[in-house]
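Visitor: Position chain B against the provided structure of chain A, taking the given hints into account.
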Amino acid sequence: MTIEALREDDPKRMGYKALMVTSGATNTSLIEQEHFYFVHGGRQADAFELGEDSSFVVCVGSVSSLKEIQFADWGTCVWRGNKFGRLSLSTSEHRLGRSAAAIMHPIIALSRANVEEPANVENVSETVSSLTGVSPETEFEAFPRRGTYCLADTERILFSQNLELKTSDLPRWKPRVIDDRHTP
Amino acid sequence: MIGTHLKELMSDSWYSHVEAQTPLTQGDLILDCPVIAWPAGPLNLSGSEESEILKGATIAIRADVVVMTQACDLENNKVDKVILCPHVSVSDYRTAWEEEKKRLKQNPTKKAWGSLLADIRDGYIWNLAILNAGESDDLKTEHRAVDFHDVYTIPRGFLESPFKQRGHPRLRLNPTYREIFHRRLPGFSCVLVCRSLLQ
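Which chain is which? The protein sequence lines are A and B, in order. For the first sequence, the positions run 15 to 198 when the numbering used here is used. For the second sequence, the positions run 19 to 217 when the numbering used here is used.
Isolated chain A (complex conformation) (with noise of 0.2 Å):
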């Protein structure tokens, strides 16, 4: 099994920032004899180790696309110190519907078994409902790159042209001549 795609909550609840997960690696530096998910951004490893919360919103199984991705794929891992398990999708379904913003940060390491197989949680059904009232049926948008953060469908069409042009009989750029040290 195979993760296809995560996202961290936003500790502000402003969003998700999307993580780009690299599956079969090992990483015995934080928890030996453990197969993990190398997860590019989200918080430092270091939070994780003092013991502090987070959750992930993950997408597993064999989704031929991201963009093809429904609402209800997506289930949610919460991490706890140094564990963390995955809630059912009927309650994980409204953390979902807003935008994401991916920011590059530190490699962590989610734990393979416990993605795979999620524990139970506790209480987590506190943080899920923060987010209540947003649509079931809406799904994510298409999946913004690792690193940086997507605006979408920020631009508007004013007019749009066909153009007959033949580059070659194009006038050529020219440059604009400053003389000047101190004139930028």
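Quick caveat, the hints were computed from the structure, so don't treat them as lab data. The model shown is predicted, which means the values in this text are computed figures rather than measured ones. A portion of the hints provided could be inaccurate.
To be verified - Listed next, with one range per pair, are the computed distances between beta-carbon atoms: (1) A:R186 <-> B:K120: 18 to 24 Å; (2) A:R186 <-> B:T127: 22 to 28 Å; (3) B:E117 <-> A:I171: 38 to 44 Å; (4) B:S107 <-> A:N176: 31 to 37 Å; (5) B:P60 <-> A:L177: 20 to 26 Å; (6) B:K120 <-> A:L177: 33 to 39 Å; (7) A:L177 <-> B:A130: 37 to 43 Å.
Said to hold, decoys possible - Straight line, CA to CA, 25 Å or less: simulated SDA-like cross-link-like pairs of lysine to any residue: (8) B:K120 <-> A:R190; (9) B:K182 <-> A:R186; (10) B:K120 <-> A:P185; (11) A:K188 <-> B:V108; (12) A:K188 <-> B:T127; (13) A:K188 <-> B:P126; (14) A:K180 <-> B:A58; (15) A:K180 <-> B:G185; (16) A:K180 <-> B:E70; (17) B:K182 <-> A:D183; (18) A:K188 <-> B:N94; (19) B:K120 <-> A:W187; (20) A:K180 <-> B:D168; (21) A:K188 <-> B:E160; (22) A:K188 <-> B:Y170; (23) A:K188 <-> B:S107; (24) A:K188 <-> B:T171; (25) A:K188 <-> B:I54; (26) B:K123 <-> A:I192; (27) B:K73 <-> A:I192; (28) A:K188 <-> B:R202; (29) A:K180 <-> B:S107; (30) B:K123 <-> A:D183; (31) A:K180 <-> B:P57; (32) B:K120 <-> A:I192; (33) A:K180 <-> B:H186; (34) B:K128 <-> A:K180; (35) B:K129 <-> A:V191; (36) A:K188 <-> B:H200; (37) A:K188 <-> B:Y142; (38) A:K188 <-> B:T40; (39) A:K180 <-> B:P52; (40) A:K188 <-> B:M86.
We put the CB at the ideal spot given by N, CA and C, even for glycine.
Guide: Only chain B this time, still in chain A's reference frame:
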């Protein structure tokens, strides 16, 4: 792959020769790139349909450009659009400079030209950078003057299609010189920002 990279790093040459099908990266010199731009002057939007005025204001030019977008962003497909700056041969720049001098009733002396080149080299002319002359295989270029005043953003797919279809190889700045050159653009931007803040 690693061998090629090391070879590029250790080379004294400024440029490598890359085939038309090679994916784009920072420091690629693209010749005769069609660019759509807007006029520099103010646009009067009154008295007619705005979209009609905008249509009439589009300018198409062709320019030799260099790719400014970070190589890692292009390699990792993080960007759809590519940032480009135009460049001309130094001899063409000199012609334009001489014309400007004459327009200003000044004498474009050889000494003044040499002084200008020295100022560009030393970073005093913030908007200009000089690329060295060089050659790689059968491609060669004389010194080029890159102008950071004009910055174009073009969809990557659009940009790559002409030179793939033309099948023309291109010159690519080698990593060391690419890095040195690319540091000039933020410097120029920084000067603009600082001065605008002070005004």
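Visitor: Taking each numbered hint in turn, which are not upheld by the structure, reported in ascending numerical order?
Guide: Hint check: 18, 27, 30, 34 and 38 fail, others pass.
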